[in-house]
Structures are given as structure tokens and as C-alpha cells.
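Trainee: My request is simple: use the sequences and hints to build the entire structure.
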Amino acid sequence: MPYLAAALLLAGGGLCFYELFLSVGRHSFFTFQSDFLACFMPWNAHLYMYPGQPYGSGDLLTAFAGQFYRGWGAVAYQVAAGLLWVLLFTFLCRILWVNRLREGIGKKLVLWGLPAFWALVFLTCQVGLAFSNQNTYWGFKDYKLGRILMKTERLVMENRYEEALQLADRYWFSHPCSIDDVVTGRNSLYAGLSQTEILFRLDLAAYTRVALLGAHRLNEDFFTYYRVPEIYGQIEEAGAPAGTLISVFRNRLTGNHTAVYSQIMNVMETEGMSYFLLEQSVFSALACQQYGLADKYIRLLENTLFYRKDASLYRQVSEYLQHRTATASPKTRALAEQIKRERNKSLTDYIYTSGSGEAEARELWRQRPAASLENLEYIALTDLLYKRTDSVMARMGDYLRLSGQTQPPYRLPAAWQEMLLVVAEERRGQLPPQVEEYMRHLAWNNALVKQCRMFYGERERLRRGMSSPQQITQAFGHTFAYNYYFSRFVTPRQDGNHALAH
Amino acid sequence: MKTFFFFLGKFLCCGGLLLSSCTCRPPQDSVAKSLESAPLFPDYEDGTHIPCNIAPLNFRLPDTVKTAWLEIRSSSAQKAFKTDKNVVFPLRFWKRLTAAARERQDTVRLCITVRGISGNYTSYPPLRWIVCPEPIDPYLTYRLLPSVEGAYSVGKGGYNVMELRERHLEDFGERVLLSNENMRRNCFNCHTSPAGNPDKMLVHLRRPSEGSLFFEGENVSKKVPPALEKAGLELPDSLRMPLSFVYPAWHPKEEWIALSTNMIGINGYTPQHQYVDILDSACNIVLYNTRTDQIVLDRALWTADYEETWPAWSPDGKWLYFCRAPKTSPDTVARYPEIGERVRHIRFDLCRIAFDASTGTFADSVQTLLYAAPGCSYSMPRVRPDGKGVLLCRALFNSIPYHALGDLLYLRTEGLEKQDSASDGSENPADILNSEESESWHDWSGNGAWVVFGSKRQNGHYELPYIAYFDGEHFGKPFLLPQKNGNFYHANLRLFNLPTFARAASPVCPRLAAEGKDLPAQEIELRLGAK
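These protein sequence lines are chains E and R, in that order. Position one of the first sequence corresponds to residue 17 (this note's numbering), numbered consecutively onward. Position one of the second sequence corresponds to residue 195 (this note's numbering), numbered consecutively onward.
Hints are computed from structural coordinates only; laboratory data are not their basis. Hints are supplied without guarantee of correctness; some may be wrong.
[Unchecked claim] If you want the footprint, here are the derived chain R segments under chain E, 3+ residues with CB under 8 Å:
1) 650-662
2) 681-695
[To be verified] A partial selection of chain E residues facing chain R, derived with a Cβ cut-off under 10 Å:
3) 277
4) 282
5) 286
6) 306
7) 307
8) 309
[What the hints assert, rightly or not] Below, computed lysine-lysine pairings styled on DSSO-like, alpha-carbon distance capped at 30 Å:
9) 260(R) - 325(E)
10) 361(E) - 167(E)
11) 447(R) - 416(R)
12) 678(R) - 276(R)
13) 416(R) - 512(R)
14) 279(R) - 325(E)
Computed from a predicted structure; not experimentally measured. Cβ atoms here follow ideal geometry from the backbone N, Cα and C, with glycine treated the same way.
Mentor: Next comes the structure, spelled out in C-alpha cells:
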């Protein structure tokens with residue numbers, strides 16, 4: 017009996033740990049642990065309180081209960097409760113055996129039958145739980161998708177954009193929509209997908225866009241996603257379940273820090289306390305010179321196990337920024353300089369939150385012209401999608417300056433090079449003198465130039481009826497020229513997620 | 195046996211004395227005397243006036259403090275004790291400490307000596323808290339809002355938890371009156387009761403707008419104003435404006451409620467302090483008769499030329515105070531097409547109009563008490579229960595002071611009948627309440643001796659409730675609403691919005707509100723005023 021109990025305990029414990037590990041997802045394992053431990057600190061209790069319960073006595077108990085009401089806590093609670101029942105009944109059996117059924121058939125029944133029965137009940141419960149939460153159990157398709165999403169999210173959170181793109185691309189390029197869909201603007205892909213996978217795609221697309229922005233590849237690679245309607249058709253996060261969190265990452269990149277700490281609170285209201293995001297709030301609050309607010313969040317971080325060190329650094333940075341303490345360490349100075357650089361990107365005046373990332377980015381650009389390369393790339397891409405070529409050409413000087421290109425030969429993103437070729441073709445070489453100057457000193461990608469010529473040839477063949485839309489889409493769908501002549505950028509407000517009408 | 199107990203008693207007494215001498219006194223020779231006042235959080239400063247029935251002023255010392263020795267005494271009790279940085283006064287002892295003040299003003303004197311983590315001892319100058327015999331209303335209700343972008347936009351994801359809570363000010367008891375978790379995530383706004391009477395309360399449900407919940411004792415009903423088009427009133431097009439209840443004010447006789455009908459919009463923010471996420475437009479004031487269940491559109495306050503908002507009755511019910519601004523002209527719209535820019539050029543005057551409660555009619559003329567000026571817009575008038583003054587907000591622009599660095603302003607109203615207008619240029623007794631951040635959402639206690647208001651002074655972001663004394667001439671230093679744990683406000687991530695006093699516990703509970711939400715809405719009859 018003791019062996020059975022111990023075995024069950026170990027199995028249950030292992031399962032609990034496994035659940036806990038699965039739930040890590042959004043952050044790293046250790047940051048999750050820090051959040052987890054912090055909730056047991058009595059002074060943090062009310063943060064974890066189940067809404068509706070009064071403050072006061074029993075804070076710690078409420079903290080426990082509050083933790084069990086959500087996510088992995090609920091699973092751990094169920095498993096622990098199951099285990100408790102098994103142990104209780106095993107114990108009862110033991111008493112029964114010792115007192116009443118020491119001899120005869122009852123002994124065998126108690127020794128093997130009852131524990132086996134309860135083990136079966138326990139197993140059935142677990143299997144039932146597994147089937148009801150398919151996305152959290154190993155082996156199911158939804159679980160695999162969930163893992164991809166969680167990993168991508170974590171990589172984006174940690175500013176590891178290239179790795180995030182590699183991971184996301186593995187899914188995107190193995191699950192493209194059909195060429196016919198691209199041509200007709202329909203989306204037959206969703207017909208065979210589960211609701212979970214559709215939502216997963218929306219989220220992954222939003223993370224991919226942010227990763228492209230962070231890796232400075234938004235204007236380089238965006239059109240290669242022409243068979244991913246969730247990316248190609250829109251630049252906003254509308255519709256993505258994790259929309260607000262993604263807006264946090266985008267705004268962090270573009271420099272809209274006032275929005276960052278507001279939106280982080282919005283995310284935590286929905287998802288629960290996250291000390292990782294709270295640390296981001298400290299950064300943004302310091303970037304907006306909100307020292308009181310930063311101090312409040314630093315104090316909260318100081319009470320955690322794994323963020324204590326970071327909190328101490330941020331406290332020194334805050335002191336340094338306010339009073340310029342002479343004894344600041346190099347690490348403090350470096351972070352302070354980074355924050356000061358962010359200040360140059362941040363708002364100077366009122367901004368209207370229309371719920372449109374593009375509108376906010378443009379307003380930010382108006383207030384802080386040419387302060388952030390990421391913001392420039394974001395706006396330039398929307399200009400490309402709307403085919404506002406003059407606007408993109410007007411931003412070339414800013415792009416070169418922000419990307420640190422002071423001497424020719426200049427390098428421009430692939431989409432911009434294609435755009436110049438297209439505009440030169442359209443206007444028969446009549447370009448603004450400044451642009452012509454840039455073009456003369458541009459390090460052209462010969463493959464792109466050749467590809468552009470081939471595109472015009474193919475377009476001519478299409479016009480004469482010698483080619484089909486499918487053929488030209490197959491061959492040139494990933495180019496800006498194709499987008500310019502055949503695609504219509506559809507904003508989410510117009511047609512939802514269905515894109516690519518020709 | 196007797197001898198044994200005698201010696202045991204003596205032994206215990208001696209032991210206790212020895213122990214108390216060890217724990218309650220730091221070594222005197224190594225204590226450094228600080229000239230600065232003790233660094234408490236919340237900052238209960240020397241000379242703060244507190245009510246005789248307030249809960250203990252628990253506080254927290256800085257993290258660098260390892261041990262603290264406290265000596266606290268008043269004319270009715272005293273105690274010396276050793277504690278850690280989290281200072282908690284036992285409730286019973288606190289009651290004894292403040293007992294004498296129920297008869298006459300008393301002073302609580304607090305001496306603090308601390309030992310830091312470095313082992314150094316520091317003694318701070320004594321703190322004196324002046325305990326006033328005027329009691330504070332025993333309950334405070336407030337909305338707890340998440341500190342998120344568009345806290346009221348509960349529709350965004352539908353997860354924002356909004357609660358109306360009632361706090362017992364004499365201890366730390368707190369309970370939920372309304373929670374949008376029970377109301378399918380509705381946003382609800384400005385809870386209002388008649389002069390601190392919790393038996394009646396009015397709350398509007400918004401997003402989606404479903405009408406208003408009227409609580410009366412343990413009964414609840416849902417009322418909705420009719421659409422103006424359906425009411426069949428003969429009004430010129432310029433007066434056909436949307437009718438929705440927003441900011442209510444109960445007449446002292448409880449028969450009438452003045453309601454502003456604002457259209458509230460826009461979301462946005464500025465880089466630092468001025469969170470502009472609300473703009474009033476198309477606002478007017480209507481009268482709702484609770485007895486006949488009728489809304490009256492009085493031409494004096496249902497106008498095409500002005501935006502009227504923030505109604506507030508004088509305690510005798512003869513005057514309605516409100517704020518108004520000229521309607522935004524097409525020229526202004528053309529000059530400032532961006533709504534965020536335009537809002538900065540909308541400024542409200544403080545006005546009042548005479549009211550005859552027997553006929554339910556307003557006078558013909560409006561008296562403007564304070565004229566708006568650049569950088570000076572008035573809002574939220576709240577008349578003191580003795581009728582001798584008005585506490586209101588003065589902000590840079592708009593009628594939403596908590597987004598525009600609002601300050602509190604006290605205006606004496608005695609003798610104003612003989613004047614055309616007043617001036618706020620002279621000394622403002624409420625200056626002591628103001629900080630660099632926004633102060634707003636104030637309310638008077640029933641006896642007019644205490645005022646509660648929301649202030650963002652801690653960090654410019656989180657609005658917290660402050661209480662201050664008023665002796666009829668001067669305000670005392672404001673102090674933060676005491677909590678059981680001195681660290682509460684450090685860890686708190688919610689805004690305390692619209693704190694209002696109540697004389698007794700409210701009969702409202704989340705179940706009642708949930709029932710009210712599911713009730714069919716009763717449409718209120720609409721009629722034009724007599725004139």
C-alpha cells in the first residue's frame with residue numbers, strides 16, 4: 017500500500033510539474049516561477065484575489081484560491097484533488113484491512129481491487145481532462161500549434177525576432193493557401209481548419225508581422241507571404257485574440273511608450289499578473305519620464321524572486337535619470353542611455369487612440385519625424401500596400417539616415433528597389449531629382465532587376481492571353497510589382513481577413 | 195499554594211517588565227536624532243487632522259528599516275511597542291486612543307525610533323495627529339477601476355473588472371456592492387445617492403446602454419429615457435439632441451433628480467500627464483421627477499447654444515449649480531479639425547439657476563459665478579452641506595478635470611445673490627489639497643467637516659482617495675484613506691474612482707444589481723417644461 021501511494025504521488029507530482037511546464041509558454045520557465053512564487057507572498061495577495069472577494073483576513077488563503085482559479089492552477093488543483101481522494105481511499109482500505117478483512121477474500125480485494133479501481137477512476141479523469149483540453153495535451157494537433165505560438169510569443173517578447181521568424185515561417189510555408197485563392201481573393205483554406213487553428217493563424221500572423229518589424233525585414237520579406245492571407249491582407253492586429261499584447265510589442269518597437277504601459281495593464285487585466293510585462297512597463301514609464309509610476313512598478317518587482325535584480329538596476333537607472341548620480345555603474349549608464357534614446361521616439365503631444373496601429377504610427381511620425389527606423393518601416397510598408405509610391409520615395413533620405421547609411425552605395429529593402437523600378441517604368445524615368453540621385457548610387461540587387469523585367473514580360477503575355485493569372489501569381493506573387501498591378505490592399509475594417517481581390 | 199501563586203505572579207510580572215523594557219526601548223546612547231520627519235507611507239504628516247472615528251492610521255516604514263520602536267499616546271491612552279517596518283495599530287487600542295476626542299479636540303503624539311538594516315539607530319521628531327470631535331460619515335463608496343487604456347471601455351475584450359465597493363471607515367471592512375462580473379461586463383457609471391442616504395441609489399449601465407438602475411431599499415427597477423424622436427415633442431431641430439442619463443444630482447427633497455445628458459467620446463492620451471480619453475459634447479440638463487416618473491426638458495437648461503453639465507443642488511434645494519460652455523462653433527471645428535486639439539479649447543463656466551421645487555421649474559436667467567478663461571475651466575461643483583460654499587475643480591480645459599491636471603477650488607457663496615459673478619483670483623482655501631497632479635471627484639461628509647477627493651499625486655496615474663478636514667475657513671492637510679496593511683497602496687493596481695460618503699451601509703448587493711440588469715427597462719415619459 018505505501019508503495020502504491022508513493023507511486024501515485026510521484027505520478028501525480030510528475031503530472032503537475034508537466035502541466036506547470038506546459039503553461040510556461042508566454043515567458044521563460046523561470047519568470048513564470050517568479051510570478052508563481054510572488055503570488056504566495058502575503059503582501060501581493062490582493063493582486064491574485066478572485067475578483068469580488070473583499071480584502072482583509074485570509075489574504076494568503078485567498079491568494080492560493082485565486083491562483084487555482086486560472087490556467088495551470090486549475091489543472092494542478094484538479095490533479096491534486098484527485099490524488100487526495102486516491103490517498104484517502106487507500107488509507108481507508110488500509111484501516112479496513114487491518115481491522116476487519118485481515119483474512120479471506122476481502123484481503124485480496126482490498127489489496128488489489130480497490131486501489132486498481134481508484135487508479136482507473138483517476139486515469140479516466142485524466143484522459144477526460146486531456147480530451148476536453150486538447151490544446152494543452154501532448155500528441156494532439158492543437159497542442160502542437162499552441163507550442164509553436166507560445167514559442168514564437170516568447171521569442172518576440174525576448175526580442176529574438178530572427179528566431180521567431182524562422183519558427184513561424186516553418187508553419188507558414190508548409191501551410192500556404194492555394195494559388196487560386198490568391199487569384200480570386202477567396203479563402204477556401206478555412207473550410208478545412210478547426211476554429212482553434214484559425215485563431216492560431218491570426219495570432220501567429222500578428223506575431224510574424226511584429227517579428228518582421230523587429231528584424232527590420234518588413235520591407236524586405238513582407239510580400240513573400242503572399243500565400244498567407246492573414247499577413248498579406250492586413251497590417252493591423254485586428255481579429256487576433258492576442259491583439260493587445262501584440263500591440264504592446266509593436267508600440268515598443270515604434271516608440272509609442274505611452275501606449276505600451278497602458279496596454280500592458282489591459283493585457284494583465286485579461287491574462288493575469290505578469291512580472292515580465294511589468295518590467296516592460298517600468299522601461300516605458302521611464303521613457304515617458306513617469307518616475308512615480310516607474311517607482312511603483314519597481315517596488316512590485318522588488319518583491320519577486322527572479323526580477324529583484326532587474327528591479328534594483330531599474331531603481332538605479334531611475335535615480336540616475338532624475339539626479340544623475342555620479343556613482344552609476346556602466347550597466348546603469350548603458351540602460352539610462354537606451355531609455356534616453358527611446359525618449360527621442362516618444363510622443364510629444366496628444367495622440368488619438370483610434371484602435372488603428374497605422375494611424376497611431378503616422379501620428380507618432382508627425383510628432384517625432386524620422387525618430388525611429390521601425391516606425392518608418394511600418395509606415396512605409398502601409399504606403400507600399402496602398403501604392404502611395406511618392407510617400408515612400410519621400411522617406412528615402414530618412415531611411416538612409418536612420419539605418420546609418422551616410423556614404424554610397426546605398427542599400428534599400430527589396431520592396432523599395434522594386435518600387436523604384438516600377439515607378440521608373442510607369443513614369444518613363446521622370447523621377448524626383450533626389451530620388452534619381454539615390455538610384456544612381458544604389459547597390460541594386462541584380463536578381464530583383466532581372467525579376468522585374470521578367471514580370472513585365474509575363475504581364476504582357478497575360479495581356480495577350482498567352483498566360484494565366486495562376487501562372488503569373490505562381491511566378492511573381494512574392495514581388496512588389498505583382499502587388500502593385502494586381503492586388504488590392506484590404507484593411508480589416510473593410511473586409512475582415514479576406515484579402516487579395518484582383 | 196497561595197504563596198506559590200504569589201511568587202509565580204511576581205515572577206511573571208518581573209519577567210513581563212523586563213521583557214517590555216527590552217523590547218520597547220532602543221539603547222538610548224547610540225540613537226542619532228534626525229531633523230527630518232519620519233518617512234512614513236502613506237505620509238501621515240505632522241499636524242494632520244483626523245476624524246475621531248477613523249480606522250487606525252497604519253503605515254509602513256522604508257525597506258531599510260529593520261526594527262521600529264513606537265510610543266503613541268493621547269489624553270486617553272498610551273502604548274509603547276516594538277515592531278517591524280509594517281506598523282499596525284490594534285483596532286481596540288486605537289478606539290481607546292481616540293476616545294477622548296469624541297468630546298473635544300485631542301492630539302495623538304507618535305514617537306518613532308528605528309534601527310536600520312545597517313544597525314544604526316535613528317530617532318525622528320514626534321508626529322502629532324490632531325483628532326477632531328466631528329465624526330466622518332462611516333461609509334465610503336467608490337468604483338474600483340483597472341488602470342488600463344480606456345478603463346471604461348469594458349467592451350474591449352470584455353475582461354475589465356469594474357466594481358463598486360463600500361468601505362467601512364471606522365475599521366477596514368469592505369464589501370462589493372456592484373460588480374460587472376455579475377452584470378455581463380457592463381460598464382456602469384457615476385453611482386449617486388441623495389445626500390449620503392444609501393437607501394436610494396442611481397447607476398447607469400453603459401456599453402451597451404441599457405438604461406439606469408434605481409435602487410430603493412432592497413428593490414430595484416430599470417428606467418430608460420425615451421428617444422426624442424418617439425416622444426412627439428415639438429422641438430426645433432437645433433434642440434433635437436440625444437437623451438441619455440450621465441451625471442445625476444438628487445434634489446434634497448429626493449423628488450427631483452437633475453441629470454446631464456452628455457455624449458461622451460474619444461480616446462487618447464498625451465505623453466505625460468494629460469490623459470484625454472473623454473470629451474463631453476451635446477450635453478444638457480434635464481429634470482427627472484421620481485414621483486411621477488417623468489422627464490422634464492426645461493428650456494433654461496435644454497439649450498442649443500450651450501453645453502450644460504455637472505448638476506449639483508444647494509442643500510436648501512433652491513439653486514442648481516452646473517457648468518456650461520458655449521457650443522463648439524463651426525469656426526472652431528474648422529480651426530481645430532483634430533478632436534484632441536479642439537478639446538483643449540473648450541472651457542466651462544460655473545453657473546447656477548434658481549429652482550422652485552413646488553412647481554418643478556427653473557428661473558429664466560442663469561447666474562454665471564465664475565467665467566472660464568484660457569487655462570481655466572470649471573467642473574464638478576459640490577455644495578457644502580451648510581450651503582456656504584462650493585468645492586469645485588479648476589482644470590486647463592474640458593469638463594473632465596481628472597484628465598487635465600484639475601485642482602480643487604473652494605468658492606464661498608455667501609452674498610453672491612447681490613453680485614454678478616465671483617472671482618477665483620483671490621486666495622483659495624483648498625490650495626492645501628492640491629498637488630502637481632490631478633485632484634477631482636470630491637464629496638462632502640454629512641456634517642461638512644470632511645471632504646474626500648481622488649488624487650493622482652502618488653505617481654500621476656493611480657487615483658487614490660484622500661480625506662481632509664474643513665473648519666469652515668481652512669482645510670487641513672489631506673491624508674490617504676487608511677488601510678489595514680501599510681503596503682496596500684504600493685501593491686494596488688486599481689484606481690479609486692468617485693469616492694462618496696454614506697451615512698449607513700447600503701442595502702445594494704451584486705445579486706440585486708444582477709437582477710436589476712435582467713429586468714425589462716421601463717420607458718420614462720417625456721414632457722416639455724412649463725415655460
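Trainee: Can we keep the residue 307(E) interface hint, with Cβ of chain R closer than 10 Å?
Mentor: holds (8 Å)
Trainee: For the pair supplied as a hint, residue 361(E) and residue 167(E), confirm whether the alpha-carbon distance does not exceed 30 Å.
Mentor: At roughly 29 Å apart (the allowed maximum being 30 Å), residue 167(E) and residue 361(E) satisfy the hint.
Trainee: For the region 650-662 of chain R, does the count of residues with a C-beta closer than 8 Å to a C-beta of chain E reach 3?
Mentor: holds (count 5)
Trainee: Mind checking the alpha carbons of residue 447(R) and residue 416(R) for me, to see if they're no more than 30 Å apart?
Mentor: Within the cut-off at roughly 22 Å; holds.
Trainee: Is the shortest C-beta separation between residue 286(E) and chain R less than 10 Å?
Mentor: holds (4 Å)
Trainee: Per the coverage rule (Cβ-Cβ under 8 Å, at least three residues), is the region 681-695 of chain R covered by chain E?
Mentor: holds (count 6)
Trainee: Regarding the hint that residue 282(E) lies at the interface with chain R, is the smallest CB-CB distance below 10 Å?
Mentor: Given a least distance of 4 Å, the restraint on residue 282(E) holds.
Trainee: Holds or violated: residue 309(E) as interface residue toward chain R, Cβ cutoff 10 Å?
Mentor: The hint holds - residue 309(E) has a Cβ within 10 Å of chain R, the shortest such distance being about 4 Å.
Trainee: Straight-line Cα separation of residue 678(R) and residue 276(R) no greater than 30 Å?
Mentor: Status holds; Cα separation ~18 Å.
Trainee: For the pair supplied as a hint, residue 260(R) and residue 325(E), confirm whether the alpha-carbon distance does not exceed 30 Å.
Mentor: Distance of about 21 Å is within 30 Å: holds.
Trainee: Straight-line Cα separation of residue 279(R) and residue 325(E) no greater than 30 Å?
Mentor: This hinted pair holds, its Cα atoms lying about 22 Å apart.
Trainee: Within 30 Å, alpha carbon to alpha carbon, are residue 416(R) and residue 512(R)?
Mentor: holds (29 Å)
In this structure, every one of the numbered hints holds.
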